[in-house]
Amino acid sequence: MAIARTDNATLFAEGTVSTLRLIVYLAFAVALMVLDHRGGYLELLRHAGSAVIEPIYRLAAFPADVARATRTAVATQDRLASENRELREQLLLAQARLNRLDTLVAQNARLKDLLDAQKNLGLTVQFARLIDVDPDPFRHRIVLDVGSHQGIVVGQPVIDAHGIMGQIVEVLPNTAVAMLITDPTHAIPVVVERTGLRTIAHGSGAIDRLELPNIPISADVKVGDKLLTSGLGGRFPAGFPVGEIVSVKPDNSGMFNAAIAHPSAALDRSGEVLLLHDQPQPYGPPAASEDVGPPAELAGPATARTPESTQ
Amino acid sequence: MSRSRAQGWLFGGSLAIAFVLQLMPLPQLLSPFKPYWVALVLIYWAIELPGRVGLGFAFLLGALGDVLTGELLGEQALRLVVLTFIVLRFRARLRFFPVWQQTVAVLGLLLNDRVVTLMVRGFSGEAMPSAVFWFAPLIGMLVWPFLFLLFDDLRTRLRVSD
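Read top to bottom, the protein sequences are chains A and B. Just so we're aligned: 286 in this note's numbering is position 286 of the first sequence, and the numbers increase by one with no gaps anywhere. Just so we're aligned: 142 in this note's numbering is position 142 of the second sequence, and the numbers increase by one with no gaps anywhere.
One thing to keep in mind: the hints can contain errors.
As the list claims (entries may be wrong) - Example chain A residues on the side facing chain B (calculated, C-beta under 10 Å, incomplete):
(1) Ala31
(2) Asp36
(3) Glu272
To be verified - Pairs of lysine to any residue, SDA-like flavour, derived with a Cα cap of 25 Å:
(4) B:Lys34 with A:Leu130
(5) B:Lys34 with A:Pro55
(6) B:Lys34 with A:Asp136
(7) B:Lys34 with A:Ile200
Derived by calculation from the structure, the hints in this document are not laboratory data. Even glycine gets a Cβ: it sits at the ideal position worked out from N, Cα and C.
Chain A extracted, bound-state conformation (with noise of 0.2 Å):
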């Protein structure tokens, strides 16, 4: 770089590019790596260069805007139509569990207030869309247009109409980096709705499977069994919809059971997401967890049963 040399010089000179050199870079590189996995630097950088990455995720995503814009554009009459009365019937249905919720919380308040509980459980949720871009496809990360301008912090849970979908782990001016629950690296506190026995859901990197791996063998679960989230750890609010067992197999070792859950939320699917604010307290003192537990119990079945009841 250093030297300003012309095409022909180069043509045959191989020794230009000295093993030394390769060396430093490469240790350079790996110091830079040890120091990032320790100190988070990369963050401050993306912090300061939020201003260029922003406008390029844009650019990134404005294809796939335009490609769904055309389809959406070109979509024939009944398949819209269809979609429509689809919608339609699920609102109706989110409308009258809503109702039964509603009812709940008005209890809930109620005992509350005859309990002398100044606990707020009403969860506020805040509107985010994706970009479409990718910035490693054996990743499990998305992008949202939100950012700390708009009030995200680290941590919060995000979620779609069907159940969770990860967390926020980066959030920049206007843009936040959300890890999914697929993700390798990702593992969520669980219970199984119908047993209640807890569990933890490992993320498997493919798209569709979690994995719970160490389910004793002698617990009972079976292929169809909900998981909701338990709110152990704090970071999810208990309550919510993580995913369905598809399978049940020893493991290799014969000691335990390894299970595969399919994730409620469409996770390749959503383009609108939701992100929770006034989470429980997390590591409250033991008190104001019970106070979190009997209502989302309590919500539980009753959100289970309405499809039925509705029908």
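Since chain A is already given, all that's left is putting chain B on it; use the hints.
Same frame as chain A, but now just chain B:
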């Protein structure tokens, strides 16, 4: 003067486009097959303009890529430095290879890049990716002849027009 400026635009523009392509999403099914565009473009320029593409340049480019993807600072820098070093070492041979031989060499380079990636991720404690991880280099190989011919054509046109 204006020829070299046009060359400069082609050089910078191709790298910028490579970065945008790298971030551009593909349908879920195809996304593991996305070639490493930045590496492909860098290989081309390392073969054709070694005066501009040195190890330092590859390092900076990789660091820029890391800032854009936001994973681990230095990962792409390391990968691109290794890649550029090999290309520059064997440049004289690569340059006079027929296109099919170059294509095979590019496959080797991209596979080697995958191995380096795997090492880096292994050391940083990430899970091993699935078998589709190894398909992207094949797509990269298939893209190479077209990219090579396109760029050669563009550069010839720039030369002729002046």
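To see whether the hints hold, each was checked on the structure:
Taking 10 Å as the C-beta cut-off, the interface hint given for alanine 31 of chain A holds, the closest approach to chain B being about 8 Å. At a threshold of 10 Å, the smallest CB-CB gap from aspartate 36 of chain A to chain B is about 4 Å, leaving the interface hint in force. Contact between glutamate 272 of chain A and chain B, as hinted, is not supported at the beta carbon level, the nearest pair being about 16 Å apart and thus beyond 10 Å. For the given pair, lysine 34 of chain B sits about 20 Å from leucine 130 of chain A by alpha-carbon distance, which is consistent with the 25 Å threshold.
Distance check on the hinted pair: lysine 34 of chain B and proline 55 of chain A sit about 22 Å apart at the alpha-carbon level, within 25 Å; holds. A C-alpha spacing of about 9 Å is found between lysine 34 of chain B and aspartate 136 of chain A, which places the hinted pair at or below 25 Å, so the restraint holds. This hinted pair does not check out: lysine 34 of chain B and isoleucine 200 of chain A have alpha carbons roughly 32 Å apart, beyond 25 Å.
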